[in-house]
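J.: Sequence:
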Amino acid sequence: MMGTPSISKPAIVGAGLIGASMAAMFSKAGLAVTVWDPNADSETAFRSRLKGASDQLASLGWANDGAVTWCNSLEEALADADWVQENAPETLPVKHKLYSDIETILSPQTIIASSTSALTWTELAEGMQSPSRLVTVHPFNPAHLMPLVEIYSRDNQTAAVATTLFSSLGKETVVLKQDAVGQIAERMASALRREADHIVAEGIADVTAVDAALVHGPGLRWSIAGAHLSYHLGGGSGGIDHYLSHLGPSQEHRWASLGTPHLSADVCDALVKGVAEETDGLSVAALEDRRDQLLIEALRLRQSVGTLANNSGTTEHFRTTIGE
1 MMGTPSISKP
11 AIVGAGLIGA
21 SMAAMFSKAG
31 LAVTVWDPNA
41 DSETAFRSRL
51 KGASDQLASL
61 GWANDGAVTW
71 CNSLEEALAD
81 ADWVQENAPE
91 TLPVKHKLYS
101 DIETILSPQT
111 IIASSTSALT
121 WTELAEGMQS
131 PSRLVTVHPF
141 NPAHLMPLVE
151 IYSRDNQTAA
161 VATTLFSSLG
171 KETVVLKQDA
181 VGQIAERMAS
191 ALRREADHIV
201 AEGIADVTAV
211 DAALVHGPGL
221 RWSIAGAHLS
231 YHLGGGSGGI
241 DHYLSHLGPS
251 QEHRWASLGT
261 PHLSADVCDA
271 LVKGVAEETD
281 GLSVAALEDR
291 RDQLLIEALR
301 LRQSVGTLAN
311 NSGTTEHFRT
321 TIGE
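For the sequence shown, the residue numbers in my numbering are 1 to 324.
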């Protein structure tokens, strides 16, 4: 694998949705992957998810095939591992116990990468013998398709190794300057979700209208330009400076009207009924398949034309570093 010759035997700890996606990425990059989950009965579901993710990556040009070995113990999975990808439930006692077990098996130099979405590095590192080995690497679901990986560690070298690794896997890596709940994208997504629920709770619009407004409006624009660049273009020839000086007050006026909804029984009922109407009987599995098909087509387009945010094809790496 280009760029990360030191990482050749990653271990997946936790074989759920994220674990399967991570295993697919590593194996399709030609790496030998070991997998362990405390629920031994989860192997069948894991293998099914792994095949689906691997097939999707193959359709995007990921040409290699590394072995994926299911292990019956943590010790077996970690034998000779030079990277640990932890995907345990978002519960601190569970993760702390797991890190303690890992640290008794592996040298302090072996990095432990957590795919946490809600917990902070500071919370996770508490009690570790070698906290400098810990890095949070937060992907977006489905992790094997979504380009983003958010990275944070208080040890700059550990963060640099994680950045190099996931960049070589075709990911768009962003490194946080400070530890933060929800990293970057989840914080923005949470702000958007709060207002989406507020609009439904206040009766301004229903679930279907809210989703349609986002998908066919700012969501499409944000996917190529992001939040700041979109408003830079909204400022005309004067760019973001003109926008802030002339339209900033109107932005603050809109901020002042945003809500803080309470997820009461009535609001939850409205959201559940609204999603049921929007999906019109389609199962979660069917919706996931359709979502993934659309994501793959979007990734192919971005590969060919790029985005304003980075001036390059986001998934160009799929061919240049993984497919070779």
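To be clear, the hints were calculated from the coordinates, so they are not data collected in a lab.
Watch out, some of these pointers could steer you wrong.
As the list claims (entries may be wrong) - Restraint-style ranges between C-beta atoms, simulated for each label pair:
(1) S283 - T122: 31 to 41 Å
(2) H96 - E195: 31 to 41 Å
(3) Q129 - A256: 22 to 32 Å
(4) A227 - A256: 14 to 24 Å
(5) L92 - D65: 34 to 44 Å
(6) A79 - Q157: 42 to 52 Å
Claimed, not checked - Each computed EDC-like pair below joins lysine to aspartate or glutamate, with the alpha-carbon atoms no more than 16 Å apart:
(7) K51 - E288
(8) K51 - D292
(9) K9 - D80
(10) K51 - D65
(11) K97 - D80
(12) K95 - E126
(13) K9 - E76
(14) K97 - D65
(15) K51 - D289
(16) K177 - D155
(17) K9 - D65
(18) K9 - E75
C-beta atoms are modelled at their ideal positions from N, C-alpha and C, and glycine is treated no differently.
J.: Please name the hints from earlier in the document that this structure breaks, with their numbers sorted from lowest to highest.
T.: Checked against the structure, the hints that fail are numbers 3, 6, 11, 14, while the rest are satisfied.
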